[in-house]
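What follows is the residue order along each chain.
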Amino acid sequence: MTYIIYISFSFMIVGLFLAAIRFIKGPTAGDRTVALDTLTTILVAGLFLLAYLFGRIIYVDVALVYAVLGFIGVIVIARYLEGAL
Amino acid sequence: MDDKLFEILEYGVYGASILLILIGLYAVLTKRSLIKIVIGMSIIDGGIHLLLITIGYLKGGTAPIFSPGYEEAAAQMVDPVPQALVLTAIVIGFGVTAVALSLIIRLYRHHHTLEIDEIKRLKW
Amino acid sequence: MIYLILIFFLLILMLSAAVYAVVQKDLLYAVIATGVISLVLTAVFYMLQAPDVALTEAAIGVALTTIIFLITIRNTKRHEDDYNKKDNLKSPLK
Amino acid sequence: MVGSPVLLIAIPLLAAFVIPLIGMIWKELVRIIPGLVLAYMLILSATLLYYVSYNGTIVETIAGWQAPWGINLDFSPLTGFLATLMSALGFLVWLFSYRFKRNVDFEPAKKYFIFLMLLIAGAIGIVITGDIFNQFVFIEITGISAYALTAFYTGRNSAEASFKYLMMGAMASSFLLVAIAILYSQLGTLNMADIASKMHTMNPTYKIIALIFFITGIGIEAEIFPLNGWAPDAYTEAPGPVGAAFAGIVVKAGVYAIIRMIFTLFDVPGAYDFLIAIGLITLIVAETSALRQEKLKRMLAYSSIGQMGLVIVAFGIGTHEGVFAALFLMLNHAVIKPLLFFSGSSLVFNSKKKQIAEMNGLGKRMPLMAAFFSLGAFAIVGLPPFAGFWSKLSVLSAAANEGLLLIIVLILIVSVIEIVYYFRVVNRIFFQEYSKEQSVVPHRPRINAMVAMFVLAIAILIIGFYPDAVTGILHNAAKDLMNTDQYINNVLQLGQSLTR
Amino acid sequence: MSTLFEIIGGALLLIGSVFLFLGGLGIFRMPDVYNRLQAGTKATTLGGMSLILGVGFLMVETSWMWMAKAVIIVIFIAFSNPISSHALARAMYKGKRYPLITSKDENMDAYKEIVENEKKEEDS
Amino acid sequence: MKKFLVILILAVLGFHLFEAFSGLGLGVTRFEKGVKDYYLEKTVSELHVANTVTSIVVNFRGFDTLGEVTVLFLAVSAMGGILYKRRHQTGDRSVLFSSSSIVRSGSKLLFPAIILLGVYVFIHGHLSPGGGFQGGAIIATGFLLMLIAYENFSVSHNTLSYIESFAGIFFVGIGLLGFMNGGTFLQNFLPAGVLNNLFSGGVIGIIYVMVGFKVAAELTGLIYTILHEKD
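If you read the protein sequences in the order shown, they are chains A, Y, U, B, Z and P. Under the numbering used here, the first residue of the first sequence is numbered 57, with each subsequent residue one higher. Under the numbering used here, the first residue of the second sequence is numbered 348, with each subsequent residue one higher. Under the numbering used here, the first residue of the third sequence is numbered 1273, with each subsequent residue one higher. Under the numbering used here, the first residue of the fourth sequence is numbered 884, with each subsequent residue one higher. Under the numbering used here, the first residue of the fifth sequence is numbered 1004, with each subsequent residue one higher. Under the numbering used here, the first residue of the sixth sequence is numbered 6, with each subsequent residue one higher.
Quick caveat, the hints were computed from the structure, so don't treat them as lab data. This structure is a prediction, so every number in the text was calculated from the model and none was measured. There are no misleading hints in this set.
Selected chain P positions facing chain U (in silico; Cβ < 10 angstroms):
(1) Thr59
(2) Gly136
(3) Gln139
(4) Leu150
Chain B stretches covered by chain P per the calculated footprint, using a threshold of three residues with CB under 8 angstroms from any CB of chain P:
(5) 889-897
(6) 1029-1035
Each computed DSS-like pair below joins lysine-lysine, with the alpha-carbon atoms no more than 25 angstroms apart:
(7) P:Lys8 with Y:Lys378
(8) P:Lys235 with B:Lys993
(9) P:Lys7 with U:Lys1297
(10) U:Lys1297 with A:Lys81
(11) P:Lys235 with U:Lys1297
Where a beta carbon is used, it is the ideal one built from N, C-alpha and C, also for glycine.
Could you put together the complete structure from these sequences and hints?
Structure, rendered in structure tokens:
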């Protein structure tokens, strides 16, 4: 079981790394926002897995809130890019 | 292995928070755009909050919440006081940032620039 | 051990996002980078066993800070330097 | 007992939350309620001060927890004196500006009074709290209301001054938080008395680092030398009564915080010399800058900074006489500077540029205002029959007792500079002819503003002719500040007696 | 000695993390915004959902609350990720940043035409 | 030149800060019987509150929270005053045009869920992570979603200020009630209940709910003010 968690974390770290590189490289604002969205989703999953690692259910609330709010942050940026703000 | 990594972590977390403070200070001191200065301010705030949380951390500790199953675990809980302080400081920092940004909007209404050198009408 | 590696990785990510936010000339990207800092900071708080603070940072730092910065940029201008003043009048997409 | 110190904070905050509701019913109440609250605070703090001077310090705990663990409020002769002074001044500022900006829209006017009330409540909170982090919160309350008040006029300069103030204030609060972090990491407590009792166990290097961060943080409110760049702009661009409130209230709170740090919390050797040095630099730089100013409010602002430098020098002498002289100076400055701001802003009220050059011959057209202004000017430079004389005399005698000749010489030189620039204004007011090109249209202050100025003028005369009226209180306060052990005992003992 | 739930959970964990990694890889490798959007939101949606459900399965014997909260998060992700990716794609499209079309496919030509027409409409 | 000077200063500052903190050690028990242990002990034995951070924020250091709520109140008022224009040039619209129907219907669907999440967070503030500030911020974010998705979604300004004022009055009022009942401001005068029950902790839960309403109203007002600020 421990190995599976290790492997999952390693995959996630690599995914985060690649998304971060896209964030820094990305030529347009859209690329960066997509990278932010990806980072958010991967980190939400990571936070949930960490909650399992810590073994306490109270930690799950943070992941829940993050799943909700991260998406609103992305929509805000998207609306700005649309020129609607 | 773990202990050695943990020793590095000890310097790593303090170092990272102090570096964050310094990066923010650099932005505040050298950047000429007003919004950049406010961004620097919020970076400094983040660094200080990380510093405070790090002070309260306990190795192998758990969150200071006595949820079912953890009623007796007071000995291995991290320090709750810095967390309470940071809670207050985050909200205060947000309020100050909001006021700063609204001042920037008003400055731009009059000056039509964000350059700090061009706005300097009053002597420092 | 993976816990420590993850925390190192997050700290490096945070620092590079901070440097990026400071050196980037385009203020929109700098604002998105502060969003990333806030995101990573949440995870670090979480890993340092401070879920309350992580929740606060998530609730304040992600959407609310972003929107007030964005509206300030919308009402002022998007670039740090003065070389393209009219830029803001065009579409915000570059 | 009529109440407890906590009401000094709780009632203004309650009123601030009530006012938006009440403003929907009757708009005039928005102006009246802050005045009533300030009057109540004045009565409460004066009564408590009277009680305290006979029965000893009141230490109020919050939420029923003992002192090192809960937040405590400490109402001693010193803090009580400052709180009374602040609430009295706050009431006068409210009285002066009661009919102020009558013609402006309702929204900003409503906010003006809320900000003014919370500014004073925050400053009193800085003084009477016994917990560092709570002090930080009150500094933020004071700060944000001060930024908002500075940006009250919608001109272009006021936003700039306010932004400048905000930047320095935000930096200051960051530094303060770092200092709090260092102290908490070393001592594990946030209560001031507890910190003071444990301070000897702390590593001296860390102690100095923490102290430097603290002084940088609070020095911005206290206007000490390299950190006072915001002050002249904010004083110039803010409305006149707000300048008076800054000079009389906010700065006093900042100076108190620095003094509490150095006298009670940190036992760093050489801190007093540091105070003297920084105070002297502040004094000289500010007074020489005041000499060059053309705008009246700016000149008053630099003069105010200089006076604060003098106060810090007097505290830095470190003896009982020195502290007494510093407190006396603070009292006099708090009485005289608002009078100067009030009458000065009335004199230049209708002019475009608010410059000194425009004040020619106003003495004949507005004799009462001119008389008030010159009374303030005479008092602040320390002419014998007025209030300022006694405080300057006590500073000089305190310095002489310690044999600090350099300080005496410098203070005398600076007094000459002060005389030059204040008398330049007085000369213009009385002995220059009024010319037609001047843009000043005489402005007759309303009756409430006149009452406020009368009260201040009478206070100056009373202190000038009968200084013994206040020296008793000041001696008590000075004794209270010097006695660190008693402070620690008061706070921690009472906490133990209230154990639940 | 692993139970059925643990096996299911472990498998879901692996699948989820692989898809999260693929999301990151896709966002790194893909040529333009729309393709990156596909990879960055679709793959991570699947990955995040299955990883979270996997954790729920792992803990289902300890407490059913884990599963309940996992399901809530999964529902949230299922609703929110498509909305945000749609909003982003629409913003990019309205910002006159059209997809890179490299294929010679007929459908692509038809698509190109539509794009051109819309472009003209918006310009006029 | 200036940059090098700044970097030099920052290097010195950073060195001293690092010196002050790196000697501390990470994750070690630093104080025997410090403030921390007292809080951890009393929060279970007397207040019966599970979340120690909540008990510190609301009860032990409740005065800070009162000040913090005031800071937010001041910040919102200050923004209103700073951005105030004599002639009302601001439009009624929060955004220039509505979003696409997918975003609109999606946000209509998610809005009640977000509000519910916020309410959950601040009602369970004494049991799990979260509380008034977090819950209030989440609710305000929900309103933000609606405000940016719909061009004519409006929040009544009067309702916001009613909620804000009443919540603030309740907060200070509960403090003053404690003052009258127990002798100190913010004293817990209700029975403490059983640990980990929803109705435990006496006034702490009530105060945090009030803080939640107040923060939600304030942040929504802040967003509303700044969204209607257009040149």
